[in-house]
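Peer 1: Place chains H, D, V, C and X on chain R using the hints.
Now for the letters of each chain:
There are 6 protein chains.
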Amino acid sequence: MNLSRAVEGLIALALAEDLAQGDVTSDSVIPATLAARAEVLVKSPGVLAGLDVAEAVCAAVDKALAWQALASDGQPVAPGAVVATIAGPARSILAAERTLLNFVQRLSGIATLTARYVAAIEGTGARLVDTRKTTPGWRALEKAAVRAGGGHNHRFNLGDGVLIKDNHLALAGQDIAGAVAAARANAPHTLRVEVEVESLAGVRAALAAGADIILLDNMALDMLREAVSIATGKALLEASGGITLDRIRSVAETGVDLISCGAVTHSATALDISLEVYTV
Amino acid sequence: MNLSRAVEGLIALALAEDLAQGDVTSDSVIPATLAARAEVLVKSPGVLAGLDVAEAVCAAVDKALAWQALASDGQPVAPGAVVATIAGPARSILAAERTLLNFVQRLSGIATLTARYVAAIEGTGARLVDTRKTTPGWRALEKAAVRAGGGHNHRFNLGDGVLIKDNHLALAGQDIAGAVAAARANAPHTLRVEVEVESLAGVRAALAAGADIILLDNMALDMLREAVSIATGKALLEASGGITLDRIRSVAETGVDLISCGAVTHSATALDISLEVYTV
Amino acid sequence: MNLSRAVEGLIALALAEDLAQGDVTSDSVIPATLAARAEVLVKSPGVLAGLDVAEAVCAAVDKALAWQALASDGQPVAPGAVVATIAGPARSILAAERTLLNFVQRLSGIATLTARYVAAIEGTGARLVDTRKTTPGWRALEKAAVRAGGGHNHRFNLGDGVLIKDNHLALAGQDIAGAVAAARANAPHTLRVEVEVESLAGVRAALAAGADIILLDNMALDMLREAVSIATGKALLEASGGITLDRIRSVAETGVDLISCGAVTHSATALDISLEVYTV
Amino acid sequence: MNLSRAVEGLIALALAEDLAQGDVTSDSVIPATLAARAEVLVKSPGVLAGLDVAEAVCAAVDKALAWQALASDGQPVAPGAVVATIAGPARSILAAERTLLNFVQRLSGIATLTARYVAAIEGTGARLVDTRKTTPGWRALEKAAVRAGGGHNHRFNLGDGVLIKDNHLALAGQDIAGAVAAARANAPHTLRVEVEVESLAGVRAALAAGADIILLDNMALDMLREAVSIATGKALLEASGGITLDRIRSVAETGVDLISCGAVTHSATALDISLEVYTV
Amino acid sequence: MNLSRAVEGLIALALAEDLAQGDVTSDSVIPATLAARAEVLVKSPGVLAGLDVAEAVCAAVDKALAWQALASDGQPVAPGAVVATIAGPARSILAAERTLLNFVQRLSGIATLTARYVAAIEGTGARLVDTRKTTPGWRALEKAAVRAGGGHNHRFNLGDGVLIKDNHLALAGQDIAGAVAAARANAPHTLRVEVEVESLAGVRAALAAGADIILLDNMALDMLREAVSIATGKALLEASGGITLDRIRSVAETGVDLISCGAVTHSATALDISLEVYTV
Amino acid sequence: MNLSRAVEGLIALALAEDLAQGDVTSDSVIPATLAARAEVLVKSPGVLAGLDVAEAVCAAVDKALAWQALASDGQPVAPGAVVATIAGPARSILAAERTLLNFVQRLSGIATLTARYVAAIEGTGARLVDTRKTTPGWRALEKAAVRAGGGHNHRFNLGDGVLIKDNHLALAGQDIAGAVAAARANAPHTLRVEVEVESLAGVRAALAAGADIILLDNMALDMLREAVSIATGKALLEASGGITLDRIRSVAETGVDLISCGAVTHSATALDISLEVYTV
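Residue numbers (numbering that gives the first Met the number 0), protein chains in the order written: chain R, 0 to 279; chain H, 0 to 279; chain D, 0 to 279; chain V, 0 to 279; chain C, 0 to 279; chain X, 0 to 279.
These aren't lab readings, by the way, just hints derived from the structure by calculation. Please note that the accuracy of each hint is not assured.
Just so you know, same-sequence chains aren't split out, so a pair can sit in one copy or run between any two.
DMTMM-like cross-link-like pairs, simulated, lysine to aspartate or glutamate; straight-line CA separation at most 20 Å [unchecked claim]: (1) K164 <-> E38; (2) K233 <-> D211; (3) K62 <-> E225; (4) K132 <-> E121.
Pulled out of the complex, with its shape left as it was, chain R reads as follows:
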C-alpha cells in the first residue's frame, strides 16, 4: 500500500529543508552522470523501523534511485548488518543520505527502545502500549515503530478513544458515573470508554459506572495489586505513570492488562545507522 499523503507530506517538508537550494557541494564536485551504490549499515544493535519511509525518501529525491530492502521493519539487527542497498546517480544518493538516515535512525530508535520494554515484561500477561506523546507530525510513523518493536498502540488521537481524566471531571463538575453516562450517550458506540483514576475508590466508581477500561495513574505496586483484585475481569486495567525499564516488570506482575509508556516515543534516541557509498 502507498504511504499516506500525510507521510508523503512530511517527507516533502524534510527534503525541502535539506535540499531547497540543491546540494552545492556535490553539484560542484561530482559529475552529474556518475553512478554509485550505497549500503544502509547498522552500527549498533537494535530493531528496525522506517525502511519503507527511507525507500520513499529515495523515490522522492530521484526516481532513478533503486532501493532494495534486505531486512524488514521489526527485525532485530546487529552491528554490521546491511539492511538495504541503493543504486543510482551518485549526486542523488548523497542528496538522499541524511534525510533517509534521519528517518530510519529515529524510528528504529523507537522500535529498539520499545523492544526493551516489551522484553522486560515477557511472559507476564501485560501488553505494552504507547501514548499520544509522539513527535508532532510523526504520529502514524512512531506508532508503527512501536508495533515494529513489539508494542501495541493506544488510541491514535482524541477521536478514536474515550478517556475521561481528572480534568474532565473537574471542569464538567461531574462524578465518574455522570461522565461515563455522557460518553455513552454521545460518543460512537464503536469506542470503549476509559476512565483515569488515582485511588481504589476511583477504581470502584469506574467499575460501578460501567467503564470498559480503567487507567490506574501513578499508583504504587500495592495499590495496583489491590486494583487488580477488585476489577480484574470486569474491566481492562491499564497502569500508567513513571514506567521505567527498571520498574516495568514489577508493574506487569501486579496483573494489570496494559502498561502505557510515553518514554518509548518521547525519549527514544537515534539508533546508529550510516550510509556507506561506493563507486561502481
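Peer 2: What follows is chains H, D, V, C and X alone, placed relative to chain R:
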C-alpha cells in the same frame, strides 16, 4: 515575525493527526461554552524552547485562546516554574494540550541538552555547533532550540555550506586540491569551503588547497592537538565524531574552534512539562 | 474552536472553483466600494446544519464581511426564517453567495433527512447511526450534520472501529472466532470489535467469539427479533441494510440497539435556502 | 490526460478522512501479502460517471492495484453489469472500496438523473444545462457527470460568463441597458452577456440592450411562449426555476433554447453500486 | 475582497524561497525589538500595479507590520513618489523588502508597458488585449496589471473562451465550418467562438461559419483593412502577431476591434522601485 | 534528480490557472483518441534553459506524453533549431503547449541575457553574479537559468549569506566593525561576511573589520580602481549598481572579482520559441 509557512504546516500536520475527528471525550462530557484557564508547568530543570510554537498551536486550535508567556526561549527554569498561561474555552484548551506539550517538551529537551554541552566547554574558546541530524520536518525549530541552549548552528542544509567529505573525493576521483578548486569555481562566493579530513596529512592538504574550514573527523586528542598546531589561524578547525558530555571539554581544550555534535538533536529526550487546567 | 484545516481546505477548493478568475459580472457592474447586506433565508421546512461553514466561507472571501448567526445547527426552521445576516462590500457578498449556500443547503439537507429518520423511531430504544457512505472530502461535515439532525455517528473511518465483514472472513479463510481473536490481539484495546452476520448462526458465532457489537445485515424483521432474543444484553445489536423511512420503525421495534442508514448522507437532497441581498 | 491537481487534491482529502489511521480491521485479520480481485457491480439501472476517479482512487491507495474498466462514462447500465475489475493486494482493495464507491455512486447518480431530464426533452430543440449549485469541491467532476448524462454545461464559475441578475441591477442602481454596456466595456470580449429577467418587459429591455442570452426566471408557460415569440433568433433564451421532470417537457415545447436545472446536481441521489471481492 | 488562495500560495512560495532559513544578517546585527518605518519609493516614471500583493507580503511576514497605501493600482507615478509606507519591527521590514519589491516592480512594469501600448492607440476604436503568454503562476496578477495599465483581458485560460486555431483544424481534419459547429454543439453557450485565420478566404469562411470573433493572425496592414471591410459589424475582429509600439497605431487605424499583444506580459521589465528604511 | 517539490508546486499553479476548466476548444473539436507529435522550435538566437521544466509540464498534463530533448540547458541555439519533440495525445499536447512555452521562453530569456553579460567580460577575471531580484516563486529556476547562461549565483536567500548594508548599520546604530563582529558571533561559521560600502573609507573600514567580501555599491570606475588597489587579495570585491551591457566591461577591467547584476533576472524578456504540432 510570523512563524514560517513550513512551521505552520508542521503544526497543521500535528493538529490533523490528533484532532481530525474532534475530541470525542471533551465533546461528550464538557459543555461547549465552559471557560477555563491553564498553566504550562515545568516539572524538571532545563532550558526553554518552542514557546512561540506552543502559542501558535493554541491559535491554530482556537482563535479564542489567550496565551500569555511568562518566560522566554533560552531561559533556564526550575521545577515548579509556570512559563505560560492559557485562557479560553475549556474544550479548546484540552484539544491543544497534548500537541503544544509535545512541541515544547521536545524543543526544550534539545535546548536543555545543548546547554549541558555548552556549559561543559565554558571558558575554552570552542563553539558548540549542531549538525543536520535533526528530526525530519523540524530542522528550523530544532536549530532554534540549539541556539536557545547557547549553541550555534552549522549549515542549515546542503545548499548553504560547502562540505567536502571522503565520499565526494572517492566518488569524484579527485584529491582535496581539485575538489576545493571545483567548489571555488562553482559554488556561490558567499560560502566558505570546508573539508573533512581524518589525518594530519589531510589537514595539510586541506590547508594547501585553501580550505576555509577543516573538519577533523573522529580524531584522538593528540591528533587534534597536532592539527591545531599545524592549522590554527590558517583555517577554522572543527572537531567532530564521538562527542559526549564526558569527553567534550578535553576536545575543546585541544584548541579547536568548533565542536559539532549530533546528539544534541538526535538524542535529546523530552523535558518534563505539563499543563495544569483550572476552572474559572 | 476553529474549523479544522481539512474543512478550511475544502472551502479553499470550493472558492477556487467558483472565483479563481474573479466575478466578471460584479466587477463590471457593481462599484468596488458599494456596501450591502444580505439575509440567509430558509424556503422549505428543515433542520439547520453548516452555519459555521457558511460563516467561514464569508471570512475566506473577504475579512470585511460581518456574519451574524440568528439560529444554530440542529435547530428546526420554517419557511421564511432568516437564519443569518451578512453585511459588507456588495461584491464580496455576491462572491460568497453561491458557495455558502451550496454548503449550508447540502448539510441542512442531511440534517433534515436525519431528523425524519430519528423522529420515526422516537420512543423506541434504538439509536440511528450513520455510515461511511459520505461525500468524499465532506466526512466530518456530514457526520456533524447527522448529529445536528439528532442522529449518532458510527465509526469515522477504517481506523477507529473494528468491523469484521464477510469479505474479511472469506479473504482470510478464517471463522468468526479466529477473526475476533486476531482483532483483539492486534487492534488498539480502546476499540470495540464488531462483526457483520447474515444469519442467526452468525449471531451465535459472534457471541461465542466475544464480539462487542453484532451487525445484523439485511435481516427480515422476524430474524431481527430472534437475534435480539438471543443476544440482547450480551452484545450491542445493529440493524443495517434496506433502512427506509417506511420500514425503520418496525426495525426499531424488534429491539435492536442501533440502526445504521447510508441514505441520510448518500441520498439527502439540498434544503431550499437562498440569499436575499439588499442595498444599505 | 491526467486528472487535474484539484481532483487529485479531493481524492487525497477523501483518503485522508477514511485511512489516516490505517484500516485496523484488515490489518488485524488479513495477511499483508494476500492477493484478491474485485468487481465493481451495478445494482440499479443508471448512467455511469466517475470511472476515471475510481481508477485514480485505486492508484492513490496502492500503485500495485490494477484497474480495468469494462465500461465508460456516459454509458447506460443495467443491474448486474460489472463495469470494472480490480486486482491486487487484498488489504488495498478493501482500503479503496468505500472511497471509490462513494465517488462513482454520487457521480453516476448525477449522470443518471441528468439522463432522465434529457430524455424528457428529447426531440425538442432545447438543451439541458446545469448550474453552479454543485457540491463544493466537486464542480468539475459534477459538470463532467452532467455531460456524461447527456446534459450541457452552463458557465463553470463567476469568471467565465456574464450573468446580470436582479441583485446586480438593484445594487448598482442601473437599468439593463446600463449594466449590459458596463459588462461589454469591462468583461473579456470572449464572453457572451446574459441577463436575467422576470417579465416580458425585461425580455424587451434585454433585447434592446443587446444581450446575447436572456434568462427567463420562473416564468409560466404562457409567458415563456410570449418571450420566445418576441426574442427567438435575436438572443438565446434560457428557462430557469422550478424545473421538474414532470414539467420540463412543456417548458421545452415553448421553444426556449436552453433549460437550466439545479436539481441534477444538488438533488441527485447515489446510484446503487457495490464492490464484490473475491479470493484468487 | 481577500486575495485568492492561489495568490496567497504564490506569496508563500516567494517567502519560503527568501526566508526559509531566516535572515541571518538582520538576526545577527539588529535587535529583535527595534522598530522602524519605510517608504516604497518610485524611481522611474510608470504606472502602479500590485500594491495589494505588497501589502499581503507584509502581512505574511509579520502581522505587526502596518502598511499604508498612498496610491493605488493604475495610477501613473513620477520618480520620487512615495506610494506606500510600512511601520513595524525593523527585522520584519527588512525581511519583507526584497519580496514585496520583486512583486510590485514586475507588476508595475507590466502596467507601465501596457499603458504605453494603450496610449499609442488612443482615439482609435481598438481595444488592447493581453494573451496567455504570462509568467506561470502569475496569470491573475499579470492580467490585473494589464487592466491597471488600461488594457483589457482576453480569455484567462483554455476553458473560458473558444479559440479555434490552425492546429485544431489540421489535427481534426476539419474545415472552419465543421469546427465552429462542433464548438457550438459542445462548448458552454456562454462563450463566444473565435477563429484564427491568416487570409481573406479565412475571414470569409469564418464569417460563413458564424464565428463571433475572427483573429487575424500576422496580416499586413492592407489585408487587415480588407478584412475589416469584409467583416466589420458581422464579427469582432482581433489583430494579432508582431504588435510593437511602433506599429500598433497603424494596426488600430485599420479599424480592427481588438489588438492582442503578448509583449505586455512576456517582455515587460521591472519598474524601478525601492524601499527606503528609516529609524523611528 | 527529480525537480524539487517547490518547482512541482509552481507547475501545478501554472496548470491550474490554464487548465482548471479543461480546454473547451480541443475538447469540442479534436477527438479524444487522436495522436499527434510536436517540435519545440527556436525562432530567435539565444541560450536554452528550462528544458527539464518543460518536460515536467508535459508529464503533469499527461503521463502519456513522450518528451525527447534534443538539446540541453546552457546550449546556444540558432533560429530553426528543434530542441525537443513531444509525442502523444493531440489534446494533451495542445493543453501543455502554452504553459511549457511560457516556462522555457522566460528561462531561456534569462540565460540568453546572462550570456550576453558574460560574453562582455570574457577574459577579465571578473565573475558575473545574480541577485535576489528574481520573480517571486521562480528563484531556484531563475538562478539555474543564470548558470545556464554562464553566470554564477550570489546567495539564494537571506539565510545563506551575510550581507551587511547601510540599512543594517543605520538601524542598529553600529559601525562596520561592530556589525561584522556581531555577524561573526551569531551567524553560522560556514558563511562569509560581506559588507556593502559606498566610499573608499567604507572599503578601509570593511577591511579593518575583517570582512570577507566587500560590495562596492554604485561606484564610479575611478573609485572602483582605487578600491581594488586598496583591497585586492585581502577581500573579495563585488561591484554592483548600474551594471549595463555597455558599461560592464569597463567595470570588470577595474579588477573587481565579482559583478552583480539584477537586470539578468528582473529585466530579461522572453526568448522566441514556439511549438509546431503535426498529425501522425
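Peer 1: Does the structure break any of the earlier hints, and which numbers would those be?
Peer 2: Per hint list: 3 and 4 violated.
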